[in-house]
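J.: So you can see what is in the structure, the chains are spelled out below.
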Amino acid sequence: MLSTVVHQSTPDTATQQESSSPVPMRGARLLLEALLREGVDTIFGYPGGAVLHIYDELAKMGSRIRHVLARHEQGAIHMAEGYSRASGKVGVALVTSGPGATNAVTGIANAYMDSTPLVVITGQVPLKLMGTDAFQEIDTVGITRPCTKYNYIVRDVAELTEIVHEAFYLANSGRPGPVLIDLPKDVSAQLSPLPPVTELRLPGYHPCRAAAPQQIEQALEKLLTARRPVLYVGGGIIHAGASAELLSLAEALQVPVTPTLMGLGCFPGGHPLSLGMLGMHGTYWANMAMSGADLIFAIGARFDDRVTGALDKFCPQAEIVHVDVDPSSVSKNIRAHHAIVGDARSVLRQMLHALEETQQRFPQDRLEEWWQQIARWKAHAPLTYEASDRVIKPQRLCQELDRLTEGRAIIATDVGQHQMWLAQYYGFRTPRQLLTSGGLGAMGYGFPAALGAQLAFPERQVIAFVGDGGFQMTAQELATAVQYRTNTKIVIMNNNSLGMVRQWQQIFYERNYSSVDMEWTPDFVKLAEAYGALGLRATHPLDLTSVLEKGLGTPGVVVMDIVVEVEENVYPMVPPGAGIQEMVLG
Amino acid sequence: MRHTLSILVENRFGELARIVGLFSARGYNIGSLTVAETLDPSVSCVTLVTSGDEQKVEQIVKQLGRLVRVLQVTNLTATSHVEREMVLIHVKTGAGSTFQKVLSLLSDPQMRVAELMEDGLILEASGNWTEVNELIRELMPFGVHSIVRTGIVALPTRPHSVEDEEAATTSP
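Protein chains in written order, with our numbering: chain P, 52 to 637; chain F, 1228 to 1399.
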């Protein structure tokens, strides 16, 4: 029953020499050396009393590790998330005890919901003060237990190195997620020699990769014999790096593909086989295809409530095959007829291999009727909005962004109307382009996440696409963006209100608008200037393109305040309690 | 339906809190809970009684299996097993004939007097969940003042075959 996991990381030669060094060093230094072994080049953080030893060592390490000083711990975690989601590497954040840790919780919970691999290091009061309600003491491990994949309190410096390596392995294997290490101040001061890399002992942890061949054959058989199949794909494709395999399989079988919000970009937006996003604000034809399908083939998606709508009306005619790396995600909300636990890339490769081997014939026109039906749904209710020459329509803003960036920018969003319009009107071409708070739905995520992505890819076009509400939650990170000389662009879809809440109050609460009107908003152009960034504004449709062109084309940090129609709603829409086939078209 | 789960977990600081926290966070019921070391002191056995339909309990077992330090989760309800719990029952009989009647019940081999007091006695008994419920119900007319139960412990009656492992056990 007991087994060991061989750690994958290969230490570079420089640290290998130090591995054998018997010179004792502080826990703080051991921590940073272990991060270097894991290939960490950037840490996002904020100092404080309990992490003074760590910051002392950080300063002594010079350029070996870059520390990015956020302006709020929530910002630091979101930056680490953006860095991780854009690059695929584990994001690392470092904050102090007490308020440092509690401020970080929103970001940690966000990473947990969206399966983003993070290692978060929190300072803690010295061991002997723990449990005494000491200054800046809080039970960080207790608070974060429900929103981390795992968390540790380090009670002895001798455990520290192994814990760090274990944390990275846990964060980035199986279903990824945040792992937290709570490090008491005195442990970070204790001396110990740097231990060698050892095998990790995780006898209860077996992230599954490949599926049984028999399961693969059965699943393939389903796909080949279905008359109305849909591939429903999510963020698991992106985590597993399985986009190429997904494209091959979909093209070989000519099966329609619908990505979730977290899956956008895992299949090329605008591809003839793509139905666009499904769910509450998905396309009509994607939702109708799900509801009319005889086979739902789900890969790396978790049937969450924004996708399924009313569970009792969900995909009434379909047999469901569910591929996921997390066994607990299978049959959690919707009972799967065929469950395949495995990593999306491994499973898709197995399927492609089985497809090559199969003798079964599948004429390319076998789905012709199905595609004709989908085309009728698409013609019945295409994505559309009423154009205006008077006021900027938010949908047009998204289309212009798509056109000007050729659908290739990395874009981070908050949550709400702007997020849904972007998902509908921006054709994300490749994985890891969209960074969005999908599960937790955290306002204030977009801008710092974009900043983290920009620090991972200084040369790429990175845009924070945010609402005026969400931007005000983490706007202080403008200082960080300017200090680190980034090229991050911030596009504010400014409707001077909390648009999605306003939309719900309009539709479901008889226009009884309650605390959704931002009666006072800062002048975002002046705010940008106050931080040393460039501020631009567009209020008229005629100015939209020129402002976006100038803003996107100017080096450095630019805030573009785009004033849009206030009373615009996101359609189509599945009302609460309805099935996804019961969309309100607008 | 009641389900008795046997959970083997690495015997480390804070692991029980993860198991209990999972139940409270996801709204699962805990009927009873016992924890102690196994023959291997580095491993603890948690015996937990919960309730729910098949799909819910399947989800509970999967969520438990997902915990990093949980080594094995077995739903003993699906297999042949022995379960026991102990109960202490304080009966306030007074000194009269009721007292004698209660004493006469002690022919039951699973029950004995733990403490005799002036106005009654504390009985100690063990049995499976149904038996303990039954005993308490029988004693109610004699003046049960208070009870405390240990919660269920359970062992399978035969070692698992491979098929049982697949049917009843998840190891993430």
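Treat each hint with caution, since some may be false.
As the list claims (entries may be wrong) - In silico BS3-like pairs for lysine-lysine, Cα to Cα no more than 27 Å straight-line:
(1) P:Lys383 - P:Lys364
(2) P:Lys383 - P:Lys601
(3) P:Lys273 - P:Lys111
(4) P:Lys273 - P:Lys364
(5) P:Lys383 - P:Lys577
(6) P:Lys601 - P:Lys577
(7) P:Lys364 - F:Lys1283
(8) P:Lys273 - P:Lys444
(9) F:Lys1289 - P:Lys273
(10) P:Lys444 - P:Lys364
(11) F:Lys1283 - P:Lys383
(12) P:Lys364 - F:Lys1328
(13) F:Lys1319 - P:Lys383
Think of the hints as simulated: they come from the structure by calculation, not from any bench.
Remember, it's a predicted structure, so these values are computed and weren't measured experimentally.
J.: Identify every previously stated hint that the structure contradicts and give their numbers, smallest first.
T.: Per hint list: 2, 3, 5, 8, 10, 12 and 13 violated.
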